[in-house]
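Chains as they are written, first to last, in this note's numbering: chain D, 1 to 455; chain H, 1 to 433.
Possibly wrong hints are sitting among the right ones.
[Stated by the list, open to error] Straight-line Cα separation of at most 35 Å, DSBU-like style, residue types lysine-lysine; simulated pairs:
no., chain 1, residue 1, chain 2, residue 2
1, H, 403, D, 318
2, H, 362, D, 356
3, D, 356, H, 67
4, D, 104, H, 67
5, D, 404, H, 367
6, H, 367, D, 184
7, D, 61, H, 222
8, H, 403, D, 104
In case anyone wonders, no lab produced these hints; they're calculated from the structure.
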Amino acid sequence: MPLRETAPKLSPEQYEKNFADISPAMDPRQAAIEASRCLYCFDAPCTIACPTHIDVPAFIKKISTRNLRGSAREILSANILGHSCGRVCPTEALCEGACVMHEKGELPIEIGRLQRYAVDYVLDNKIELFTAGAANGKRVACIGSGPASLACATELAKWGYDVTIFDRNEMPGGLDTYGIAAYKSRAADSIREVGLIRQLGVKFRQKMEVGSQISFADLERQFDAIFLGVGLGETWALDLPGEDLDGVYGAIEFIEKTKIQPFHEVQIGRRVACIGAGNTAIDVVTAARRLGAEIVYLVYRRGEPEMPAFAYEVQLAKHDAVTFLWHTQPIRVEGASGVVTGLTCVRTLPGAPDVKGRRSPVPVPGTEFTLDVDMVVRAVGQKPATDFLKAVPGVEINSNGTIKTNEQHQTGHLKYFAGGDCTNGGKEVVDAVAEGMAAARGLDAWLGSPRAPAR
Amino acid sequence: MADLTVKFAGVTSPNPFWLASGPPTNTGGQVMRAFEAGWGGAVWKTIGEPIVNTSSRYGAIDLNGVKMMGLNNIELISDRSPDINFREIYEVKKKYPKNLVIASLMVESKRESWHAMVRRAEDAGSDLLELNFGCPHGMSERGMGAAVGQVPEYTEMITAWVKEVARIPVIVKLTPNVTSVTHIAAAAERGGADAVSLINTINSLMGVDLATFAPRPVVGGKSSHGGYCGPAVKPIALHLLSTVAKNSRIPISGIGGVGYWNDAAEHIALGASTVQVCTAAMHYGFRIVEDMIDGLAQYMDDHGYPTIEDFRGRAVPNVKDWGDLDLNYKVIAQINSQLCIGCQLCYVACEDGAHQCIEPFKDSAKKNAGGFGVHVPRIIEEDCVGCNLCALVCPVENCITMKEVDTGHVPMSWNDRMRQASRSSPPPIPSGD
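Okay, chain D solo, but in the shape it has when bound (with noise of 0.2 Å):
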């Protein structure tokens, strides 16, 4: 796809600058200083506000006692994915967010870089922490291999289930692969810790659509149940005219380049608008930057308080001197030859409050304006992937296009379970494990907590 200009390039070593770990690794000292900072709360608000409940004083005070094998164990066991979350993890909103340093007038405890600390001990000296149950004769597919289906197999390999994930994707992990910042995680980050899943025995069907491959009365013949832990699909169009010339993006297509090709492949405008104001688009624009785009735009219809984005992100963007529009709504793609050249908006003002109270942007007549840009992206959220869901016999969908489940996470179809952002509409990769071991909870219960006999 050609662009009207694209940046120019970068020398290898700039871009990987440019995306080296903006929270980079702990050495032992740092780990040391860090582990003996915490107080060791009882009941501990850190680990309350941890959607899947890491006990965090007990990993943080094994770090402290040198025993980095049982922290990387407490850690692991609430959480498989507990690296990537070390990462990812919003964490000044969850745990580093109700640490009680704050209320002291500290700095809350580095809690994301100590867990990953941990863990990179028991992946960087491949150590097998975890061993697959006694075979208990069931079989689970997991469809999808994102945070929801790791979380959900490594609790019922744990039991002794024989589980299968089928997952469309070349590479395993899903959005944790694709989907994540370069700076904060790369692919190759994901793809180690989804060997974590292996070891337990849970076997990966990549390039494997469900439906069209194989089709699900086959999977309801072989697996006596199967989870859904599909994500959500492409991301919504504007329906703006000029959308569908070239240099128009989806944020997660554009996201998933960063993520597959070489850093000097990814093609980049020299000029780029990003559309939206959430954390994907906090991602789109920062990697825009860190990819050589010289001016960077990010477009949105309300004010900065209204932003979607955590505060830290939007820091992030503006530290990589980003241009915020706020209150500006795009209403046209520009183009020549069939190439983006420019992103024409108008001003809008505050106007009634909608059903969430949120007031509704209005556009101003008469303020319309046109940015000089070779690239526009969408980051405007991802669509349910309606389509994929509605072939799944029996499965009911939500008016918003999630699947409604009950408390056990069981779908319309009793055999179907379903956790992540099928279900949740899209959180942080913490919350699809939390909600992918629940699943597997109320699957387990459903089939009679099958085990295999003592020996």
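Starting from the structure of chain D, add chain H where the hints point.
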């Protein structure tokens, strides 16, 4: 400005801060640098027949990233000849006549040997002598150091030998590695000692390397017990100091865990006229004395004590036998919910480790800046026994305080109660230390 000069056994020290006998006072060069930094006196590294030391020699324990909470050593007395040491003492005194040089001596237990060594120390210009009857390792195996200081009769005898010839004041340094240090102090006094100093280091083994099973400090895979000192020993030093202060009429130089002015002031409040410092100087260098002097003077100014004597020993009468403490005095804990950060360490400490008088938080009325609930626990006042544990574990200064409550009863100690209970019962067991 407070006057920090101290009269000690007839000599005057510019301030109460002396370097204890140890590695920092091994050479004239070090002692001169120490005097430049402000130290009032220096007890020279113990002089005797030169010894041979091991490598390594020191071991430490750290606590939560704080280095050297406790230090120990298996180093012996000076490895340099008395000739060199006395020549350097002479040079130091010539240059620093107002600062005190205290010659620490250790000699084989022969009267003539002690006489000869005392005369040489005096000839070199020493202001005082300190008899090292406390070194717990190495030298004691050769019949010196603690081997003398652990036996009252030897202590008295050798002190008396020294006093036969000494023209300058004699301090006897006491070992804590005894059942009752007061008996040894009394023996020194009977022998004619002009002062005592305490404590010498405490018998200790610093730990074990769990890969090699070599105890620390390691000498070729082996180790030996050594002398323990540093911040960790202060409470032990203060206790022994208080017992000697109660029972002794001669001046005392306090040693053990003095790291800053506050520690020194506590030693002084428990009866010490001067304090001796070693570990802190080994950790940070001689410069630490500047704040010791400054801080102590500030404290004295703030409290209206013009001289050291004005507050020296003021805490001694307050050290009582348990049986004389008022059983009707009562405090209960109070949590300042404004300051509480919600760690609930007080709750779990009280629940598991003490007397089950704190309730965990019930609701999070208080929120932190991020909107997360702050778990403020509640003291069950009617159950609180006033043990202090919650206040001790609380990481926030002044968040948990112990409030005195009126029990409505007149003061009553256990001994009072026993006396009242029955006039026919036998008298209480006489108090020791």
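Results for each hint:
no., hint, result
1, H:403 - D:318, "51 Å, violated"
2, H:362 - D:356, "31 Å, holds"
3, D:356 - H:67, "56 Å, violated"
4, D:104 - H:67, "24 Å, holds"
5, D:404 - H:367, "34 Å, holds"
6, H:367 - D:184, "30 Å, holds"
7, D:61 - H:222, "31 Å, holds"
8, H:403 - D:104, "23 Å, holds"
Violation of the numbered hints given earlier is confined to hints 1, 3; the remaining hints are satisfied by the structure.
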